[in-house]
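Trainee: This is what each chain is made of:
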Amino acid sequence: MYGFEAMTFNIHGGYLEAIVRGHRSGLLTAADYNNLCQCETLDDIKMHLSATEYGPYLQNEPSPLHTTTIVEKCTLKLVDEYKHMLCQATEPLSTFLEYITYGHMIDNVVLIVTGTLHERDVQELLEKCHPLGMFDSIATLAVAQNMRELYRLVLVDTPLAPYFSERITSEDLDDMNIEIMRNTLYKAYLEDFYQFCQKLGGATSEIMSDLLAFEADRRAVNITINSIGTELTRDDRKKLYSNFGLLYPYGHEELAVCEDIDQVRAVMEKYPPYQSIFAKMSYGESQMLDKAFYEEEVKRLCLAFEQQFHYGVFFAYMRLREQEIRNLMWISECVAQNQKSRVHDSVVFIF
Amino acid sequence: MEFIDNLPPMDLMRSEKMTFVQLIIPVESAHRAVSYLGELGLLQFRDLNADKSPFQRTFVNQVKRCGEMARKLRFFKDQVSKAGLISSAHPDLQPDIELEELEIQLSEHEHELLEMNSNSEKLRQTYNELLEFKMVLQKASGFLVSSKSHAVVEERELDETAYSKDRYVETASLLEQEMGPGPSNQSGLRFVSGIICKSKALRFERMLFRATRGNMLFNQATADEHIMDPVSTEMIEKTVFVVFFSGEQAKTKILKICEAFGANCYPVPEDMTKQRQITREVLARLSELEATLDAGIRHRNKALSSIGFHLMKWMNMVRREKAVYDTLNMLNFDVTKKCLVGEGWCPIFAKPQIQEALQRATFDSNSQVGIIFHVMDAVESPPTYFRTNRFTNAFQEIVDAYGVARYQEANPAVYTVITFPFLFAVMFGDWGHGICLLLGALVLIARESKLSSQKLGSFMEMLFGGRYVLLLMSLFSIYCGLIYNEFFSVPYHIFGGSAYKCRDATCSNANTVGLIKYQDTYPFGVDPSWRGSRSELPFLNSLKMKMSILLGVTQMNLGIVLSYFNARFFGSSLDIRYQFVPQVIFLNSLFGYLSLLIIIKWCTGSQADLYHVMIYMFLSPTDNLGENQLFWGQRPLQIILLLLALIAVPWMLFPKPFILKKLHSEVVLVSFCVTFFLS
Chain U
0 MYGFEAMTFN IHGGYLEAIV RGHRSGLLTA ADYNNLCQCE TLDDIKMHLS ATEYGPYLQN
60 EPSPLHTTTI VEKCTLKLVD EYKHMLCQAT EPLSTFLEYI TYGHMIDNVV LIVTGTLHER
120 DVQELLEKCH PLGMFDSIAT LAVAQNMREL YRLVLVDTPL APYFSERITS EDLDDMNIEI
180 MRNTLYKAYL EDFYQFCQKL GGATSEIMSD LLAFEADRRA VNITINSIGT ELTRDDRKKL
240 YSNFGLLYPY GHEELAVCED IDQVRAVMEK YPPYQSIFAK MSYGESQMLD KAFYEEEVKR
300 LCLAFEQQFH YGVFFAYMRL REQEIRNLMW ISECVAQNQK SRVHDSVVFI F
Chain H
0 MEFIDNLPPM DLMRSEKMTF VQLIIPVESA HRAVSYLGEL GLLQFRDLNA DKSPFQRTFV
60 NQVKRCGEMA RKLRFFKDQV SKAGLISSAH PDLQPDIELE ELEIQLSEHE HELLEMNSNS
120 EKLRQTYNEL LEFKMVLQKA SGFLVSSKSH AVVEERELDE TAYSKDRYVE TASLLEQEMG
180 PGPSNQSGLR FVSGIICKSK ALRFERMLFR ATRGNMLFNQ ATADEHIMDP VSTEMIEKTV
240 FVVFFSGEQA KTKILKICEA FGANCYPVPE DMTKQRQITR EVLARLSELE ATLDAGIRHR
300 NKALSSIGFH LMKWMNMVRR EKAVYDTLNM LNFDVTKKCL VGEGWCPIFA KPQIQEALQR
360 ATFDSNSQVG IIFHVMDAVE SPPTYFRTNR FTNAFQEIVD AYGVARYQEA NPAVYTVITF
420 PFLFAVMFGD WGHGICLLLG ALVLIARESK LSSQKLGSFM EMLFGGRYVL LLMSLFSIYC
480 GLIYNEFFSV PYHIFGGSAY KCRDATCSNA NTVGLIKYQD TYPFGVDPSW RGSRSELPFL
540 NSLKMKMSIL LGVTQMNLGI VLSYFNARFF GSSLDIRYQF VPQVIFLNSL FGYLSLLIII
600 KWCTGSQADL YHVMIYMFLS PTDNLGENQL FWGQRPLQII LLLLALIAVP WMLFPKPFIL
660 KKLHSEVVLV SFCVTFFLS
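Protein chains in written order, with numbering that gives the first Met the number 0: chain U, 0 to 350; chain H, 0 to 678.
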């Protein structure tokens with residue numbers, strides 16, 4: 000019942016919405032980032048963070064800190080918050096929250112499979128996995144030799160199974176195939192999430208459609224740019240684009256035939272929302288594209304908080320926190336490697 | 000007016016007069032001065048470095064060191080409580096030590112402890128492995144015996160060939176940890192034995208089934224003993240398993256799955272004599288290790304208890320040092336870099352105490368230069384500070400929960416000391432329950448000195464903090480209970496006999512016709528004869544409700560009068576004219592009038608229905624009151640009161656904001672003109 004969420008939303012979602020908005024007010028502000036950028040050592044960063052919500056998570060770390068420790072602890076905080084919200088959530092919010100983690104699950108599967116392909120130690124790989132995307136039998140991924148086995152042995156138990164079942168090939172796993180697998184999985188995941196949000200209806204579907212469409216379009220652009228100059232055919236490339244979003248369907252037709260970055264740019268500039276992103280870059284440049292997209296995403300995620308009584312805030316909060324952790328990682332790395340002039344290259348201020 | 004002007008200045012109700020002070024402290028005595036001031040607790044420093052981030056401040060290194068020490072102490076505390084020792088407070092058994100010394104001591108202790116932990120962890124690892132091996136041996140041999148005969152029977156059926164019993168060759172040596180399948184027999188049936196966490200067993204089995212496409216046999220048995228996880232020191236339940244399978248590919252798969260699930264595989268020889276021999280060896284090594292482990296734990300506990308002895312003291316010290324440096328970080332260096340400059344607020348009465356503390360600091364740190372302490376002017380409004388003692392503290396906290404008064408605003412906590420417990424008692428009123436409450440409060444007060452040094456639970460802490468509130472509540476409850484004549488809800492003839500008696504000896508018609516009054520009114524409180532009568536409830540309810548209305552209206556009037564004193568104190572005639580006056584009129588023309596009616600009704604014994612009077616005062620004020628008339632001229636009075644109330648509402652709501660807005664825009668205009676002409 001669109002427009003009438005206010006009547007019933009708070010029965011189940013009110014408490015958690017209050018919680019998530021409380022968490023949001025704990026996000027680091029531009030003033031915090033300015034202070035962090037002035038830090039000389041990682042201890043300074045720890046000291047500054049101890050005055051924020053990260054304090055309790057970092058206070059018991061012995062003094063020679065590493066960037067990985069900081070990132071690990073900050074992620075732990077996000078995971079704790081997520082688990083708390085998941086425990087309190089009722090249907091359909093709990094399913095919605097679970098959907099948020101599937102992206103990490105896909106990344107973890109790809110990470111482990113690639114790692115075992117290159118004969119890395121499984122324990123070492125497990126430590127690198129994002130804790131939000133963990134599932135029970137993730138360690139057994141290493142046993143699988145090809146995609147069919149992967150599905151039959153491990154993934155059939157996970158929520159990723161339906162995304163897999165449609166597109167199994169018995170080809171052996173190699174780097175190219177894995178990357179294609181990642182993108183087909185992501186495509187299926189995004190489409191499924193999109194369908195789910197449409198089913199929820201109301202403000203949730205309105206806001207989530209917008210956010211997911213942006214995500215899908217960004218992936219389409221990235222796939223195009225990354226596949227330029229590879230042996231991926233146009234039809235294969237087109238199969239990897241998600242079947243929704245602003246670019247669907249005509250933009251996809253045009254993107255599929257792009258041969259260099261300037262052609263991509265010409266396609267994207269036909270779409271007003273993306274015009275501003277590409278307008279910031281000079282011709283032939285693609286390094287700054289990631290940051291421009293992140294900035295646009297953060298802007299859209301922040302706008303999700305302007306409306307009440309919808310689930311988009313949970314998605315937006317998780318994404319914003321992840322962006323914040325990326326920022327912290329970049330700042331810590333810059334500080335640790337004495338490259339402070341490059342701090343602003345990749346930090347996206349949230350507020 | 001003159002009477003009000005001549006009232007005493009109400010010092011009790013206003014917060015302390017504050018003054019803004021500046022301190023110029025020589026560097027050498029700064030630390031001591033701040034710690035003495037901290038013990039005094041009467042000076043609030045202002046942060047002069049608010050624009051600097053924490054790590055740009057002067058004493059950041061000391062703060063960091065304190066943080067590091069606090070981390071070590073938390074680690075010790077964690078270890079001590081994990082070892083099951085109790086760290087009790089032993090105040091001042093040892094002379095004060097310097098911070099630097101403590102830092103060295105702490106890092107030594109930490110180093111020692113970490114080393115011991117890693118050693119015992121290694122030992123524990125080996126011990127666990129042996130223990131697991133023992134359990135695997137015990138359980139798996141059972142499976143092997145049964146399955147061997149089973150397998151043999153099956154194979155006989157298959158090719159009817161007899162097998163010699165000694166075809167199993169022991170290949171794995173005893174402590175070779177990485178071990179896979181048992182030796183194969185001719186039919187290619189092999190096995191892997193090992194141990195796995197019970198929580199993972201089910202998924203492990205399912206995964207094995209899938210990987211081998213069902214071509215395997217999974218046997219499991221719960222291990223008898225729990226195994227301690229060396230990292231979290233928790234006891235984990237484990238399950239021993241034996242998997243039978245055939246083929247080389249299945250073996251690699253199964254071993255990979257074992258690795259992925261963190262299952263430890265141990266070799267079990269199928270030969271009985273070999274098994275017994277290995278078991279004996281394992282047991283011998285286990286007992287050896289146990290002795291070593293015990294010795295290690297004893298040693299560690301001794302070290303921990305010696306740490307735990309000082310832990311509380313150290314923690315207090317570090318916490319205090321950190322607070323001192325945090326305060327020092329709020330101070331500024333002056334131009335010569337030899338002095339620290341601090342600014343802050345203190346109550347005027349505390350100035351001599353502060354000066355005395357500062358002199359002590361100068362003297363104790365052998366400083367040549369004294370600390371300069373002088374009063375300054377400040378633009379911002381001072382902080383509110385109420386001096387409380389242990390009696391008034393709880394009441395002040397109750398009031399603060401609703402909002403802290405502005406500087407020098409009238410403090411309602413003074414009245415709350417009486418009104419809060421009394422209003423509670425009006426509801427609670429029962430002198431039996433009151434006595435119980437009184438005993439509880441007295442126990443808390445009698446053991447005050449003992450309890451205040453203890454750490455209480457959150458609930459007890461609340462009770463203890465409010466012990467004087469409880470005391471007053473109980474006293475008023477006894478008083479109100481005596482008025483209501485209720486002792487655990489039963490009335491007693493305490494103040495003589497009842498004023499009423501039955502009409503005849505049998506008392507048969509007491510409930511229908513009623514009683515007759517034969518002596519004077521019951522001297523104090525409610526007559527006990529009301530108990531059990533048909534009209535008990537209407538009578539008591541009406542009494543208590545009317546009393547509550549009177550008390551409530553009085554309380555609200557008191558609040559409004561306090562706002563008048565505030566407005567006078569701050570010289571704001573606006574508040575008096577457009578807030579206080581209409582409020583008094585509104586409240587008293589409706590509820591004040593109701594109170595008047597109640598009192599008249601009580602005094603005259605009239606039967607008028609006050610509900611009816613109040614409701615029809617609004618609905619049809621011009622109608623005749625009829626039998627509900629209590630006094631002459633009631634109708635015109637009601638009309639006047641109603642009109643007054645109607646006028647009071649817009650009077651209260653509209654003028655004040657508009658006047659404030661006008662004043663504000665005038666100020667803005669003036670400042671604009673001034674800047675315009677100056678520039």
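In case anyone wonders, no lab produced these hints; they're calculated from the structure.
We put the CB at the ideal spot given by N, CA and C, even for glycine.
Incorrect hints may have been included.
[What the hints assert, rightly or not] Simulated pairs of lysine-lysine, DSS-like, Cα-Cα distance not exceeding 25 Å:
1. H:K121 to H:K133
2. U:K339 to H:K51
3. H:K16 to H:K255
4. H:K121 to H:K312
5. H:K81 to H:K71
6. H:K121 to H:K16
7. U:K82 to H:K197
8. U:K127 to H:K81
9. U:K82 to H:K199
10. U:K339 to H:K63
11. U:K76 to U:K237
12. U:K127 to H:K337
13. U:K269 to U:K238
14. U:K269 to U:K237
15. H:K121 to H:K76
16. H:K250 to H:K273
17. H:K199 to H:K250
18. H:K76 to U:K76
19. H:K197 to H:K273
20. H:K63 to U:K76
21. H:K63 to H:K337
22. H:K71 to U:K76
23. H:K133 to H:K197
24. H:K545 to H:K600
25. H:K71 to H:K301
26. H:K197 to H:K255
27. H:K545 to H:K312
[To be verified] Chain U residues, not near chain H, derived (Cβ > 12 Å throughout):
28. D31
29. C38
30. E39
31. D42
32. H47
33. T94
34. R151
35. E178
36. N242
37. C301
38. Q307
39. F308
40. A335
Trainee: Would the hint linking U:K339 and H:K51 be met if the CA-CA limit is 25 Å?
Mentor: holds (19 Å)
Trainee: Would you mind confirming whether the straight-line C-alpha gap from H:K133 to H:K197 stays at or under 25 Å?
Mentor: Holds. H:K133 to H:K197 sits at ~17 Å (cutoff 25 Å).
Trainee: Below or equal to 25 Å on CA atoms is what counts here, so check U:K127 against H:K81.
Mentor: violated (30 Å)
Trainee: Is H:K16 close enough to H:K255, meaning Cα to Cα at most 25 Å?
Mentor: Roughly 77 Å separates the two Cα atoms, so the pair is violated.
Trainee: Quick check for students: does the CB of U:R151 sit more than 12 Å from each CB in chain H?
Mentor: Contrary to the label, U:R151 does not stay out of reach of chain H, its closest Cβ about 7 Å off (not over 12 Å).
Trainee: Holds or violated: H:K63 and U:K76, Cα atoms, limit 25 Å.
Mentor: OK: H:K63 and U:K76 at ~23 Å, within 25 Å.
Trainee: Should the label of U:H47 as a non-interface residue stand, given a Cβ cut-off of 12 Å to chain H?
Mentor: Given a closest Cβ separation of 6 Å, the condition is violated.
Trainee: Can you confirm whether the C-alpha distance between H:K197 and H:K273 stays at or below 25 Å?
Mentor: violated (28 Å)
Trainee: Mind checking the alpha carbons of H:K199 and H:K250 for me, to see if they're no more than 25 Å apart?
Mentor: holds (20 Å)
Trainee: Does the claim that U:A335 lies off the interface hold, with its Cβ farther than 12 Å from every Cβ of chain H?
Mentor: It holds; U:A335 is separated from chain H by about 15 Å at its closest Cβ, greater than 12 Å.
Trainee: Going straight from one Cα to the other, do H:K121 and H:K133 come out at no more than 25 Å?
Mentor: OK: H:K121 and H:K133 at ~18 Å, within 25 Å.
Trainee: Beyond 12 Å from chain H, beta-carbon-wise, is U:E39?
Mentor: violated (8 Å)
Consistency note: the structure conflicts with the earlier hints numbered 3, 4, 6, 8, 11, 12, 19, 27, 28, 29, 30, 31, 32, 34.
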